[in-house]
Amino acid sequence: MTNPLRGVILSDVNLQNLAGYLENDPSLPAVTARVAPFGQIAQTILGGDPALFEGGADFAVLWTSPAGVIEGFRELMEQRDVPPERLDEEVDAFVALAARLLDRARIVFLPLWTAPAWERGLGLLELRPGAGTAHALLRMNLRLAEACAEHPNLHVLNAPRWAAAAGPDAIDPKTWYLAKIPFAAALFRGAAAEIKSALRSLFGGARKILLLDLDNTLWGGIVGDLGWENLRLGGHDPLGEAHVEFQRSLKALTRRGFLLGIVSKNEEDIAREAIRRHPAMVLREDDFAGWRINWDDKAKNVIELMEELNLGLQSAIFIDDQKAERERVRTSLPEVLVPEWPASPLLYDQALRALPALDGAAATTRVDESRARMYVSERRRRDAQKTAGSLDDWIATLDLQVKAEPLGPGNLVRAAQLLNKTNQMNLSTRRLADSELDAWARRQGNAFWTFDVTDRFGEYGITGLLGVSLENGHARIVDYVLSCRVMGRKVEETMLHVAVEHAARHRAGDLIAEYLPTPKNRPCLTFLQGSGMIYDDRTHIFRWPAGRDYARPAAVRLVLAEVTS
Amino acid sequence: MQKAIDAALGDVNQTLRREDTPLTADPALVLVGDGGRLDSLGLVNFIVALERRLAEVSGRPVSVIDLLMSGDGVPFDTLGSLRDLLVKKMES
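Chains as they are written, first to last, in numbering that gives the first Met the number 0: chain A, 0 to 564; chain B, 0 to 91.
To be clear, the hints were calculated from the coordinates, so they are not data collected in a lab. Treat each hint with caution, since some may be false.
Unchecked claim - Now the stretches of chain A that chain B is said to cover, found in silico as 3 or more residues with beta-carbon under 8 Å:
1. 17-23
2. 171-179
Said to hold, decoys possible - In silico DSS-like pairs for lysine-lysine, Cα to Cα no more than 25 Å straight-line:
3. A:K173 to B:K2
4. A:K322 to A:K299
5. B:K87 to A:K173
6. A:K420 to A:K402
7. B:K88 to A:K173
Quick caveat, the model's predicted, so the values are computed rather than measured. The beta-carbon is built from N, C-alpha and C at its ideal position, and this holds for glycine as well.
Please construct the entire structure, taking both the sequences and the accompanying hints into account.
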C-alpha cells in the first residue's frame, strides 16, 4: 500500500473538521492532515512550528476568509472607502506569501473566497466597483486566480461551487460562534472531495477513460430491434436532444484528453453501422480508443478492453443505463468507478458533467490534448499489427522517431507530470514537483532528457524520461521512466543507448541503474533483465561498461534536440 | 429520535481523525466530562449535526444548541442522558 499523502491546513478560521473529512474520505489517495493553529498563517509559513511540516508535506491547503487576510475587504464590509487598486495590492501580497509556502509543501491549494448566500449587502449597489463587497470579492478572486497562475504549484480551488452545492446554510453562524467554524458539514464534504480529486490529478490516479454502453445510453432505443434509422437521437424530441447533448459533452471530454471506449451487448456490425451512419451521431468511430461490442459478460469485456489499451482498471469509469450491468462491473471489478446513473436520459448530461472523477481530464499540456487522438492512432496500429509478421517486422514498419531533448522550460511541465504519474516502467518511482525536478536537472553533474516519440500513425508526445547523475566515476541512472503507451517498441533500448553515450562522453567507468521495487514497477525489472546489462540480484543494481557501445535499435531514428523554451 | 442520533453520530464520525475510534450508539457512551469521548470541537459538531438531523426527522426546527449555552455547564454526560433530555424537550 502506498503511504498516505501528507497535508497541512492553514487558515484564519477553525478548519479541524476539514482534516477529518479529508482523512475519512474513502477515495484514493489516502491522506493525513495536520492543522496549523488558526490565525497563524504568516507565522506558520515563515517559520512557525517545524513539527507541522516534519517529514515533508505533499500538499498544503491555505483556506482563508476574505476579511481575515485582506484588510481592505474588512474595511469595505464596514462601509469604509477602499480603492479597488488597494485590494489588488493586498491580494498580490497574499499570493506572494502563499508562494513562500511552496518551500515547505510541494503543492498549495487556495480555495477562492466565498460570501454567505444570505448576505444581501448593498442590494443593487453590490456589484458597483468601489462600493459593494460582492464586486470586491469577484475582483479579488479573479486577481487571486491570475496571480496564482504564475506559480505552477499554486492551485486555486472553486470554493463558491462547494458553497452553492451545499445550499443556503453552507456558511453557518452557529458553528462560527460556538467554535469559529465558518462552514457547515456539507461544504466541508464538498471541499474534501474536490481536494482529493485535485490530488488524484496531480499525484496520479486520475481516471482516463469512460467506457460507455450504447443502447439507451449513447442513444435512445435498442439498435438491434429498431435499426439505426429509428433510434431516438437528435430531432425535435426531448429524449433525442438529451442524447445528442450527452454525446456533445463526451466529445468535449476527448478534447481535454479523456478517452472513450464502448462496452455494449450488441451485434458489432449493426452497432458500428449506427455510429457511422446516423446523421445525429456526434461521436464517430474515430472518437473511440477501442470497443468491445458483443454478447459477452461486460466485466470480462472491460478487462479485455483495458488490457488492449494498456491501461489499468483504476483508470476506467463505466457508464451504463442498466442497473444490473453496473452492479456486475462494480462488484467484480472494484477498481473501476461505476457511478450511479439517472433513470431518465434527460439527466444524463448533467450526471456526466457533475462527475468529480472527470476533474483530472483538465488538459494542461499538448500531450493531454492529443491523448485521445493518440489512442485512436493506437487502435489503427493494432489493426496494422494484425497484418504484420513478427514484432520486430511490425516495429520496422512503424517508422519510429525518438527525439531526446534536455529538460527546459518547453518540456518541464509534461516531464513532471509523467514522472509523477508513471508507475510501471519506472526505475525509482521518484516523485518531484516541477520546481524540484528543474532544480535537480540544473545541478552540476546531472542531466535529464525527455523522449518524444512519433511514428507513421501519429504522435505519442513526450513519453519517456531519463535522469543521469555523474558520481564517483559512475554514471547513475536516477530516473528511467516510460509511458506504457510506447512500451515494447524499442524506445526502452534507445533510452539506454542515450544513457550509455552520455556516460562514455563524460568518461564514466560504467553506467549503473538501481532498481527500486514497488508493487507496480515490475515491468521495468523485466525489461532491464532482458536488456543485456549485468544484473546483481542482491543489490538490484544493473551495470553496463561505458566504454562498450549500447547499440541504438535499427528501427528507431534518434534525434538529439536542443533545449526548447 | 434514535434515527436522528444515529445519523448525527455518523456525521460526527466523519470529522474524527484517523487515530480516533468511531462513536457508537451506546446509551452509556460518555460524551463529555471525565472519560468523555468528545472534545469541545467534537461536542459542537455533534450537537449541530443532531439539531439538523432532528429537524429532518421531526419536520420542525429543534434547537439543541441552547443546551450548550444554558450557563450551568453541559446538562448531560452520556448519550443516554442526552437522549432523555431531548425527549423531554421535544414533548414540552
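Hints breached by this structure: none
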